[in-house]
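In order, the protein sequence lines correspond to chains A and B.
For what it's worth, the working numbering labels the leading residue of the first sequence as 6, then goes sequentially.
For what it's worth, the working numbering labels the leading residue of the second sequence as 3, then goes sequentially.
Bear in mind the hints are in silico, worked out from the structure with no lab data behind them.
Be aware that a few hints might be false.
[Stated by the list, open to error] DEER-style ranges, computed between Cβ atoms:
| no. | chain 1 | residue 1 | chain 2 | residue 2 | range |
| --- | --- | --- | --- | --- | --- |
| 1 | A | 41 | B | 301 | 56 to 62 Å |
| 2 | A | 30 | B | 85 | 49 to 55 Å |
| 3 | A | 6 | B | 37 | 48 to 54 Å |
| 4 | B | 84 | A | 64 | 28 to 34 Å |
| 5 | A | 8 | B | 76 | 45 to 51 Å |
| 6 | A | 14 | B | 184 | 21 to 27 Å |
Since the model is a prediction, treat every value here as computed from it, not as a measurement.
Beta carbons are placed, not taken as given, at the ideal position from N, Cα and C, and that holds for glycine.
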Amino acid sequence: MAKVRLRAPLSQRSGGSGAHDLPGATVGEVLRELERRHPPIVGWILDERGAVRPHVNVFVNGEPTREDAVVEPTDVLQVLPSISGGCV
Amino acid sequence: MTTELLVGTKKGLFVLRGDAAAGTPFEIAARAFPGDTVEFAIRDPRTGRYFASHTSGFYGPRLMYADDPTGEWTQAQGPAFPEGGDTALERIWVITPGEADGLLYAGVAPAALFSSTDDGESWSLNEALWKEHQAGDWQPGAGGLALHSICPWPGDPQRLAVGVSAAGVWITDDGGQTWRTGYDGIVPEYLPEEAREGTNTLCIHNMHRAPARPERLFMQFHGNVYRSDDEGSSWKELRAGLPSGFGFPLVIDPADPDSAYVIPLVGAEDRVTPDARMRVYETRDAGSTWIEHGDGLPSDEAYLTVLRQAFGSAGEGSGMQLYFGATSGDVFGSPDAGASWFQVHERLAPVTSVRVA
């Protein structure tokens, strides 16, 4: 199981926890499993197409990736807001 | 009597409350969705339920509802495009109560219509109009490809007209199963003359139906104001008497089908108030003549921009309340149908929408 690490507000929408162990062969599959277990997170990280939102970054073991990146069971995924996001 | 305003801004929703008759600034009763752009907020008068659409700069758009705008909000199921498809929701431009119990509509970008039959808790894509979108050569305006105007027909849920920037007016007579477009009289001056005939690249900025005469529609277009008296089949230009035909907001008095209010801007290349004066223009003869209103509004060095949804009203006739907000963060109100104005609030974030609750 990959380890997923979330910060607020994503952790608040994921059962109040910032740490999740989830199955999946790709970043997209792991995050879809997060959505399945915690429906309030649907649409926050992945859009309807299954793509990671443009201003959200997903790091696997510290390396930036997107939804189609391969995930190993021992990997750690961190989901963080991008510095390119926000509202001016 | 207390008036409640829902003011969407680039930095959250502000719920303002005050007495319009007193002509003094309103108080901030609540701020919701801090940091996010709130594109639109409205109260459904049938149920008292509040709706707000907001977009996080990180986590995307969503629609929320609440029974108390100063309390907790609940996220609706949708609007969203089909999962696994090639389209993602970008923005929710407008929410409009329909003409049947529980029925509401949402207009979004990329341009599509969603409807709800359970008082806004869940939403479904109108597939027929979406197919028209996909089959057509729909072009975006500066604000994106947006369905921003939804005009129900009073008492008849089968009839609906919507406005799209920049893909014209679409009309259904069968509850959204089929859609038609096509009309005369609209002149897209931003296209060369030889490209105008038959084009549907029409940049509708705003459109409202006159409920007391529902075959009549008023439209703020990209460079003109128009009126249709035949459900949108033909349009008559109404620019004469206005300082500019360009603008975004539009309000009508629901009791008077000959009425419309607009807030012109200089033009597409300079989207500020003409002559550096904040003015609202009213017609009571269906656009033949316009009355300028400025009593209480800034009259010099006022370079303001008022966006599409940032003009709202309550009531009708000479006591109709009018409110608008500018991207400067200023909100103005009138307790007497535009005859006089006062500052409702200042120094908010850039205002994107204003509606009376």
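A quick look at each hint next to the structure:
1. Here the CB-CB span from residue 41 of chain A to residue 301 of chain B is close to 59 Å, well matched to the stated 56 to 62 Å.
2. Taking the beta carbon of each, residue 30 of chain A and residue 85 of chain B are about 19 Å apart, not inside 49 to 55 Å as hinted.
3. Between residue 6 of chain A and residue 37 of chain B the beta carbons are some 33 Å apart, a value that contradicts the proposed interval 48 to 54 Å.
4. Between residue 84 of chain B and residue 64 of chain A, the C-beta spacing of about 29 Å keeps the proposed range 28 to 34 Å intact.
5. Restraint check, residue 8 of chain A to residue 76 of chain B: a C-beta distance of roughly 31 Å breaks the suggested window 45 to 51 Å.
6. Checked against the hint of 21 to 27 Å, the pair residue 14 of chain A and residue 184 of chain B fails, with Cβ atoms roughly 46 Å apart.
Violated hints for the displayed structure, listed by number in ascending order: 2, 3, 5 and 6.
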